[in-house]
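Engineer: Protein chains in written order, with our numbering: chain A, 1 to 115; chain B, 1 to 190.
Treat the hints as calculated values from the structure; they're not laboratory data.
A hint or two may mislead.
Listing some non-contacts, in silico: residues in chain B with all C-beta distances to chain A over 10 Å [as the list claims (entries may be wrong)]:
#1 Ile3
#2 Ala19
#3 Leu20
#4 Asn48
#5 Arg50
#6 Gly85
#7 Ile123
#8 Arg141
#9 Ala159
#10 Lys172
#11 Gly187
To give a feel for the contact side, a few chain B residues facing chain A, derived at Cβ under 10 Å [unchecked claim]:
#12 Thr5
#13 Leu29
#14 Phe30
#15 Tyr33
#16 Gln34
#17 Leu98
#18 Ala102
#19 Gly110
#20 Glu112
#21 Val117
#22 Ala124
#23 Leu145
#24 Val148
#25 Phe165
#26 Met169
#27 Arg189
Heads up, the beta-carbon is just placed ideally off N, CA and C, and yes, glycines get one too.
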Amino acid sequence: MTLPKELIQQDPPLHPNGPAAAAILAAGIGSISLAIITIAADQSAGLKTLLTFYKPTGPLSGVTTTALGVWVLTWLILDRLWHRRELPLRKINIASIALLFLSFLGTFPPIGDLF
Amino acid sequence: MEITTHSLWTLIHGMGFGALYLLAGSLALFTVYQRLQPAPLGLSSLENNRFLGAYLSLMTALAWLAVLSGTYIIYPWYRFPAPLGTANLQPYPRALLLAHPATSAWHSVGMEWKEHVAWLVPIAITATAFVVLRYGRELSRHPQLRTVLLVFVSSSLIAAGIAAFFGAMLDKNAPVDGGQTIHIAGGERQ
Numbered sequence: 001m002t003l004p005k006e007l008i009q010q011d012p013p014l015h016p017n018g019p020a021a022a023a024i025l026a027a028g029i030g031s032i033s034l035a036i037i038t039i040a041a042d043q044s045a046g047l048k049t050l051l052t053f054y055k056p057t058g059p060l061s062g063v064t065t066t067a068l069g070v071w072v073l074t075w076l077i078l079d080r081l082w083h084r085r086e087l088p089l090r091k092i093n094i095a096s097i098a099l100l101f102l103s104f105l106g107t108f109p110p111i112g113d114l115f
Numbered sequence: 001m002e003i004t005t006h007s008l009w010t011l012i013h014g015m016g017f018g019a020l021y022l023l024a025g026s027l028a029l030f031t032v033y034q035r036l037q038p039a040p041l042g043l044s045s046l047e048n049n050r051f052l053g054a055y056l057s058l059m060t061a062l063a064w065l066a067v068l069s070g071t072y073i074i075y076p077w078y079r080f081p082a083p084l085g086t087a088n089l090q091p092y093p094r095a096l097l098l099a100h101p102a103t104s105a106w107h108s109v110g111m112e113w114k115e116h117v118a119w120l121v122p123i124a125i126t127a128t129a130f131v132v133l134r135y136g137r138e139l140s141r142h143p144q145l146r147t148v149l150l151v152f153v154s155s156s157l158i159a160a161g162i163a164a165f166f167g168a169m170l171d172k173n174a175p176v177d178g179g180q181t182i183h184i185a186g187g188e189r190q
């Protein structure tokens, strides 16, 4: 016996994975930009001064604010570009995880000081 | 029984936001793993996913409160420079640590790593919360998303753990203290 079509519960179609891919890749890019700006500010006295957005906190205020700016901007751009697209998530996931891992290393002072 | 305003803020930052995040994190890791199992094995009912979305949003709020209070309230007290020729460096934690070879690495490695790596926590958990809230029940049908979300939650926990460890050790070696004294309770006379 077969059930009428309207009684069979079907999964609704999936939304495109583009917005998720944008959020994931942007997080990876935001994280690595934090590490890169940290290393750059450590090497240059001029950049350190430039990144002192709030004097009591020092250059850390500019390093983190700039990295957050890169993260949010990247997210907005990628979301706009990918919001209706289906993307190869595997590659994006690997890239994001690698960037996140490199951010841990890049912010670790003995490694950051090598540059 | 008394506490200074600087110590109170350190407690709010470390024990209130930071430690609560770490406690919440282990349950989040388990919940993300369990709730987002591939259908039909998973328990991904609407209520379960709403709970997970709300839970991750709360963790996101805790992460942001921890880094913002740390960077803009406590860190300025920590790094405040000691006036030239100051003999008692106790009120200047950064200068106190750097004055002794045995403690200087707590600043040059510990604080330098903590102040930056902690910012990976809100980035990773905000992205996770966004994906969970946006996709809801559909996540159980996106196995690749589930994997990356688990990595993101784990990474945020590792970064929070590093920040918490160094925060505790820094406070042990050179506590942030000062400000107004708040009287909590009176003791009995001996």
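Engineer: Could you run down the list of hints and mark each one as holding or not?
Structural biologist: Hint by hint, here is what the structure shows:
Distance check for Ile3/B against chain A: the nearest CB is about 22 Å away, which clears 10 Å, and the non-interface claim stands. Once the 10 Å rule is applied to beta carbons, Ala19/B is consistent with being away from chain A; the minimum gap is 21 Å. Listed as outside the interface, Leu20/B is consistent with that label: its C-beta sits roughly 22 Å from the nearest C-beta of chain A, beyond the 10 Å cut-off. At the 10 Å boundary, the C-beta of Asn48/B stays outside the reach of chain A, the nearest C-beta of that chain being 17 Å off.
Residue placement check: Arg50/B keeps its beta carbon more than 10 Å from all beta carbons of chain A (closest about 17 Å). With a cut of 10 Å on Cβ distances, Gly85/B stays outside the contact zone with chain A, its closest approach being about 22 Å. Once the 10 Å rule is applied to beta carbons, Ile123/B is inconsistent with being away from chain A; the minimum gap is 5 Å. For Arg141/B, the non-interface assignment is contradicted: its Cβ lies about 6 Å from the closest Cβ of chain A, within the 10 Å cut-off.
Here Ala159/B does not stay apart from chain A, with its beta-carbon only about 7 Å from theirs, under the 10 Å limit. At the 10 Å boundary, the C-beta of Lys172/B stays outside the reach of chain A, the nearest C-beta of that chain being 20 Å off. Even its closest Cβ contact with chain A, about 35 Å, leaves Gly187/B beyond 10 Å, as expected for a residue assigned away from the interface. Hint status for Thr5/B relative to chain A: violated, with the closest Cβ pair at about 15 Å, above 10 Å.
The restraint placing Leu29/B at the interface with chain A is violated, with a minimum CB-CB distance near 16 Å, outside the 10 Å limit. At its closest, the beta carbon of Phe30/B sits 20 Å from a beta carbon of chain A; the interface hint therefore is violated under the 10 Å criterion. Restraint check, Tyr33/B versus chain A: the minimum CB separation of about 16 Å is more than 10 Å; hint violated. Annotation: interface hint on Gln34/B violated; nearest CB of chain A at approximately 20 Å, more than 10 Å.
Checking Leu98/B against chain A by beta carbon gives a least distance of about 14 Å; that is not within 10 Å, so the hint is violated. The closest approach between the C-beta of Ala102/B and any C-beta of chain A is roughly 18 Å, which is over the 10 Å cut-off, so the hint fails. Interface hint status for Gly110/B: upheld, as the beta-carbon distance to the closest one in chain A is roughly 9 Å, under 10 Å. A least Cβ separation of about 4 Å between Glu112/B and chain A falls short of the 10 Å threshold, and the interface hint therefore holds.
At about 5 Å, the closest approach between the beta carbon of Val117/B and any beta carbon in chain A falls short of 10 Å, and the interface hint on this residue holds. A distance limit of 10 Å between C-beta atoms decides the matter here; for Ala124/B the minimum to chain A is near 6 Å, and the interface restraint holds. At its closest, the beta carbon of Leu145/B sits 6 Å from a beta carbon of chain A; the interface hint therefore holds under the 10 Å criterion. Below 10 Å, beta-carbon pairs count as interface contacts, and Val148/B has one with chain A at about 4 Å; its hint therefore holds.
The beta carbon of Phe165/B is not positioned within 10 Å of any beta carbon in chain A (closest approach about 13 Å), and the interface hint is therefore violated. For Met169/B, the interface hint is violated, since its Cβ never comes within 10 Å of a Cβ in chain A; the closest pair sits about 15 Å apart. With its C-beta approaching chain A no nearer than about 41 Å, Arg189/B sits outside the 10 Å limit, and its interface hint is violated.
Violation of the numbered hints given earlier is confined to hints 7, 8, 9, 12, 13, 14, 15, 16, 17, 18, 25, 26, 27; the remaining hints are satisfied by the structure.
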